[in-house]
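Trainee: Take a look at the letters that make up each chain.
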Amino acid sequence: MAAESVHPAQPHAVADAHAAGHEHPTWHTYWKVALILTIITALEVWIYYTPLKETRVFGPLLILLSISKFAIVVMFYMHLKYDAKLFRALFVGPLSVAVLVVFSLLFLFGQLIIHLR
Amino acid sequence: MTLRSRSRRLAFAALTAVFTAGVAACSYNPNTIFGAHSDLGHATDRLTYRLLYFGIGVGVFVWGLLIYAIFRFRARPKSPVPKQIHGNTAIEITWTLIPAAILAILAVPTVRTIFQTQAPAPANSLQVEVIGHQWWWEFRYPQYNVVTANELYLPVGRPVNFTLKSADVIHSFWIPQLAGAKRDVVTNHTNYLWFTPESTFAWNGFCAEYCGDSHANMHFKVFTQPQAEFDAWIAHQKTGPAFPANPSDTTNAPAAPAAQPATATVALTSQQLTVAPSAQQLTAAAAAGPATGIYPASNIPDYVIPNTPPPAGLTFSDVKGDPARGLKLFRSGPCLACHTIQGVSPGVIGPNLTHVGSRYTIAGAMYPNDIKHLELWIKNAPLMKPGVIMPAFGKSPNLPGGMTDQQIADIAAYLSSLK
Amino acid sequence: MPPAETIAAHGPAEHGYTSTGLNTTKIAIWTFIGSECFFFGSLISTFLVYKHRSVVGPCPHPEILAATHQACRGILNIPVTSASTFVLLMSSLFMVLALAAVQRGDRKYSKIWLAATALAGTTFLGFQAFEFTSFVREGLTIKTNLFGSTFFILTGFHGAHVTAGVIWLITMLFIDFKRGLGPRDEINVDIMALYWHFVDVVWIIIFTFVYLIP
Amino acid sequence: MATTAATLTRAGAATGYKGGVWSWLTTVDHKRIGQLYLYTSLAFFLIGGLEAEIIRTQLYGPNGTIVSAQTYNELFTMHGLTMIFLAIMPMTAALWNFLVPLQIGARDVAFPRLNAFSYWVFLLGGLFINTGWLLHAAPNGGWFGYAPLSTRAYSPGLHMDFYVVGLQIVGLSSLAASFNFIATIINMRAPGMHMMRMPVFTWATFVNQFLMALSFPIVTVAITFLLFDRFFGTTFYENAAGADPLLWQHLFWLFGHPEVYILILPSFGLVSEVIPTFSRKPLFGYPVMVYSLMLIATLGFGVWAHHMFAVGMGPIADSVFGITTMLIAIPTGVKIFNWLGTVWGGQLRFTTAMLFALGLVGLFTIGGISGVMHSSPPSDLAQTDSYFIVAHFHYVLFGGSMMGLFAGIYYYFPKITGRLMNEALGKVHFWGTFIGMNLTFFPMHFSGLDGMPRRIYRYEAYQGWTTANHLSTIGAYILGLATLVFIYNFLRSRSAGKVSGPNPWGAPTLEWSMPSPPPDYNFAKLPHVTSRYPMWEGKSAEQIAAEPVVKRWEPGTPGATEDPVPTAEQLGIPMPTPTIKPLIAALGLTVAFIGLMAGKSLPIMILGGLIFVGALYGWLLTPVEPEVEGH
Ligand code: HEA
Ligand code: HEA
Ligand code: CUA
Ligand SMILES: [Cu+2]
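Residue numbers (the working numbering), protein chains in the order written: chain A, 1 to 117; chain B, 1001 to 1419; chain C, 2001 to 2214; chain D, 3001 to 3631.
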């Protein structure tokens, strides 16, 4: 793990020399990601004002959208996609336990049914 | 060396002592969770014994290995050189699987019992609403419109469904020898506990969840009776207070005057019954009998009648109270703000006192119900029971406007006349 | 890459040596972020648990109170919050651009993007201040009901995180003006960026679960 | 002998342990911070123990009158809080502070100043909570402070204010420590010290830090709610607002259960060091010991509601939490059996450390088994909130955590001080503790099953509880005496103990390769590690068995140097600069919280906040080490 962990900050030449198959987010990626995030956010707010709001898919749909935004920011802006596996473990491990805990709590307080409807 | 062997022998002697003493302590166990006299108790028992036996088995096994290893592998001049073993997969898998198997044996009946004991109560259940207060218990029988406090009457053979609510903080409703199990009484929640009492007797009940200053004093008593006597008790409770609420009101005749000898059968085998010497003198004893359904004093064991010593320094002069004067004082005094006496006062902050004279205990079953304790209680409740909301009423340097001992004695006389 | 000497708090180990080759502070900050998942997880769970349990209004969205069967008016202002959400999202973009500039050693753009990030963060806080005061004017305080308590504590603690981030950004900007940030400071900016994005990510979740889903 | 001592004193000088109070206030050396933790936690242990002795005296017979109901309630609350947060946790912190860098071959922890900050925050928080005693307002809501009893409505006065604010402060200390040690263990290992070569104590510490990092935020949130309820009128736990008291319970136990593993895992780690050394055999099943730690920790996040079986969660939740709780017995059982496997076929040397370690194996098992009994909800409804639970948690906490820590202290005392503790007194301590502990806590099983509720300041006669309580109280006195023997031995041995040399026990791990006490820079040259047991490497089983257990250090003991240990300057090792800033930052934080307590005094709070932020800036903007030329 140690050998191949190269920081995205490395000038490109060095990075390329180091790790084959590792791509790094570039200036373009950053703007593209921002665009996608904006679109998703707009979509979320738009859905809020459509009749879709009254249907069963509204909740799950919004959750899906927000999870994808979450994942995009974490992967690209926090460059977890490119960074050392260790960081991924340090984040994803606790995050998954936390999510499990949140769901258990909602279940225990009888709120889960409402939110998944 | 000698120090070592001597201390070792000492350790074994001490362990043996602990076990013997433990067993000895077990021979007198009026509140044990084992053998509780209800269907719920039996279900709990079966599980607890299973857990206990497997637990003891595992414990003895581990301790056996440990003690054996300690003696067998002690370094001696000629002991063999230890093999530098790093592990053994087969053995490690074995000692993963065997505990897993034991746990499966424990888990299956656990889940079965959970669903069995938490099923909805049978439809014909007696409904009892239990409301926990800091630090006393309110019992309501919605099917009969009866409200009482700290002493719970139940018929045997009929399921009883408790609806548990709290007026303030969290408490826990526990009758170890009757139900075994307990259930918390949680603010803003309604909890349930149901079981079918099997034996007629008198039982201790406790608040098991820490609930503030007088958590230790939040007891209650349970009396189980044959259905007929229970019905009599209900009928008696539905009548107004024994002492005429309104002197012109003649429908409220004083309750049965003389105590009848007990008729209830005590279906207890494991308990030896020692009647508290004081039980006979309690004010309730006078009301006991089939007509009132009040549980007979002669069948109450010593550990059910509280023997809390009153606080040192709280004294009461030797005056005799007059119930009639007491009633007047009660009506004009502060008591009615907090206490209900049917037809006399409406307060709901403290326990309902309509039939307080027919109870064996007062103050969250903390003190026996006799004139002396009643008087002390009214004089200075906060001293009698730490943290209690009821203020002191007796005249004292702090409370120059308080009641005289004579006045308090009158009220106490009135209250104990409420059979 | 041995980044040790670029960061104030590295252990006094043999200089440059770490067992994973990764930066120690970065490991710590990721651990911190993992820990924060539990912090905000608890806050968000509480909000959701108490969502329909207030006994008096106002409510987040119009609803019928379960406790009293009375109508409860909704108070959340979706258009305004959508705007502030957008601002915070954009701040994340500025942040990565600032990091890229620092990596390039681009003194001019590092300052511009750091300032932009701080400004966006401050704007977000401004929106929040506006939201809070208007809620208070409309009769929702932390004392009003369960919604008020959970809402203000959850978004307030998020706001406190943003505030800390803004202070961090300004400090960094200050250093940039004083001596200029170069590639050797990259790791420090990176760590600040991770924190900043995480705060953004938390808001993404809050926006959906608190504001949009009724 | 005299020359030896003299040499050692000179070596001691090189470690920099000398120096006045100021050197302790400004220290950033993990070994000194570890010692600060050790002394402080022992002091708090005595206070918690004293509280326990008063509790036991009150409960000796029916209707005890030693203390009032209110005082009793403060006593058991403070006893629980003190033992858990101010005695055992910091005692584990003492050992991992001292040991982890030595065990992994590092010069210090990743963030030495953060480490000092953790300690000072803990110390001030601990003193803060105990201030309640001086104001006759110690916390009185039980160590888990159930709402709504802990809210202003039912707990007016300062009592529970000390609880919320104090715990908040102490929690910050643990959080800071956890990030520090995770980073340290991941990143500061010496070359060749692979994860799977780390000593098990370091592993236990590592896993523990995750438990701390992930569970403390939850209780921080729960306590923040209570704090805002009490000080600012929020409604999180307010009955009238429709609050659900189970919210507090869920959040608290979501933290509380991982917390109990936080209390036991370091002891498991210590025992895993002690038993192989004195069995002259490697730890049986090292990988499984490591994985079981992780499994216990992970499962530990999924069992919290077993403290709430009586609250009426419904049959599904009861079943799920019952079963997940039972599952934890499997990885824990594996540990017990692996220790037995280590002992098996070994050559056991019964030093005091070994006795305590084996004590843990036996006594923790008893506590674990009663734990499994609680894990069956219908049966737990009979047990919960009775002394049966008190018996359980003292067997795991005293029989487990404390026995493990005692083992660790006897074992590492020579590493910390360069001297051995007196073994004869140690044996007295062990047997006193062993007998006293069983005499105190075993009868609690009986009083519990006989229906004695916990947290009662008095009980009535004729309830069948008197005999058991007599025994418990007598046992507690024996325990107290044994503890005093320990304290005497501990304090005296620092100067009067026999000089130990680097590796008095013939132990296998890296920390024993260096002088005792180690120099401030730990390793002159970072070691290159090639196996799990560097000190046994290349030795035959015979040689390992022949390693003497030293009672007296003689010149020429293998590995010992008679030369004075060179100083950091001589070696050109850059050392972190001592600094007072962490202490100031901790003080600022405490002042801010004092302002909150003092009638929400805004000026004091702002002052504290400014001190904190100022110290933090001063600290973060200066490098750890003095700037070296060429940087
Ligand atoms: C060091 C701290 C510690 C540890 C390690 C544990 C370990 C365990 N605890 Fe304990 N517990 C506490 C500290 C701890 N506990 C405290 C402080 C409380 C009370 C809090 C309060 O209310 O104030 C408490 C309360 C508590 C309760 C709540 C009781 C109640 O209030 O009603 C429960 C319920 O399930 C429980 C269960 C367990 C279990 C199953 C384990 C398991 O991890 C134990 C596993 C170990 C073994 C089982 C022994 C070894 C195994 C074998 C030899 C293998 C074979 C065994 C079998 C097949 C059985 N504990
Ligand atoms: C980490 C753990 C820990 C430890 C080590 C102990 C140690 C002891 N505990 Fe404690 N205990 C708890 C954790 C612990 N306890 C917790 C969490 C609770 C629950 C609290 C709650 O309900 O909220 C509890 C509750 C508790 C109760 C129940 C109170 C109640 O429910 O009403 C009792 C009762 O006997 C008790 C007794 C003891 C005793 C006798 C010891 C003995 O081992 C102590 C041994 C004695 C000493 C170590 C002192 C020696 C020194 C001296 C005698 C002299 C002192 C001198 C100076 C200060 C100079 N404890
Ligand atoms: Cu009510 Cu304890
Ligand atoms: Cu637990």
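It should be emphasised that the hints constitute simulated quantities derived from the structure, not laboratory data.
Where hints are given, some of them may not hold.
To be verified - The list that follows gives simulated cross-link-like pairs (lysine to aspartate or glutamate, DMTMM-like), each with its CA atoms no further than 20 Å apart: (1) Lys53(A) to Glu2063(C); (2) Lys1372(B) to Asp1322(B); (3) Lys1078(B) to Glu3053(D); (4) Lys1083(B) to Glu3547(D); (5) Lys1238(B) to Glu1129(B).
What the hints assert, rightly or not - Here are the computed distance ranges between Cβ atoms for each label pair: (6) Leu100(A) to Trp3024(D): 28 to 34 Å; (7) Arg88(A) to Ile3474(D): 42 to 48 Å; (8) Lys32(A) to Arg2107(C): 22 to 28 Å; (9) Thr1190(B) to Ile2175(C): 58 to 64 Å; (10) Arg2107(C) to Thr3622(D): 47 to 53 Å; (11) Leu2119(C) to Trp46(A): 24 to 30 Å; (12) Val99(A) to Ile1056(B): 37 to 43 Å; (13) Arg1112(B) to Lys32(A): 37 to 43 Å; (14) Leu3025(D) to Thr1190(B): 25 to 31 Å.
In this text, a Cβ means the ideal position worked out from N, Cα and C, and glycines have one as well.
Trainee: Indicate, hint by hint, whether the structure satisfies it.
Mentor: Right, here's what the structure says about each hint:
A threshold of 20 Å between alpha carbons decides the hint, and for Lys53(A) with Glu2063(C) the separation of about 14 Å falls inside it, so the pair holds. Using a Cα cut-off of 20 Å, the hinted pair Lys1372(B) and Asp1322(B) holds, with the two alpha carbons roughly 14 Å apart. Between Lys1078(B) and Glu3053(D) the CA atoms are separated by roughly 46 Å; this puts the pair beyond 20 Å, and the hint is violated. For the suggested pair Lys1083(B) and Glu3547(D), the alpha carbons sit about 15 Å apart, so the restraint of at most 20 Å is met.
Under the criterion of a C-alpha separation no larger than 20 Å, the hint pairing Lys1238(B) with Glu1129(B) is consistent with the structure, at around 17 Å. For the pair Leu100(A) and Trp3024(D), the beta carbons lie near 44 Å from each other, so the given range of 28 to 34 Å is not met. Between Arg88(A) and Ile3474(D) the C-beta distance comes to about 56 Å, which lies outside the given range of 42 to 48 Å. Judged by the Cβ atoms, the range 22 to 28 Å given for Lys32(A) and Arg2107(C) holds: they are separated by roughly 26 Å.
Here the CB-CB span from Thr1190(B) to Ile2175(C) is close to 60 Å, well matched to the stated 58 to 64 Å. The hinted range of 47 to 53 Å is not satisfied by Arg2107(C) and Thr3622(D), whose Cβ atoms lie roughly 24 Å apart. Checked against the given bound of 24 to 30 Å, the beta carbons of Leu2119(C) and Trp46(A), roughly 27 Å apart, stay inside it. Under the hint 37 to 43 Å, the C-beta atoms of Val99(A) and Ile1056(B), about 41 Å apart, fit the expected range.
Take Arg1112(B) and Lys32(A): their Cβ atoms lie about 58 Å apart, and the range 37 to 43 Å is violated. A beta carbon spacing of about 56 Å between Leu3025(D) and Thr1190(B) contradicts the range 25 to 31 Å that was offered as a hint.
Consistency note: the structure conflicts with the earlier hints numbered 3, 6, 7, 10, 13 and 14.
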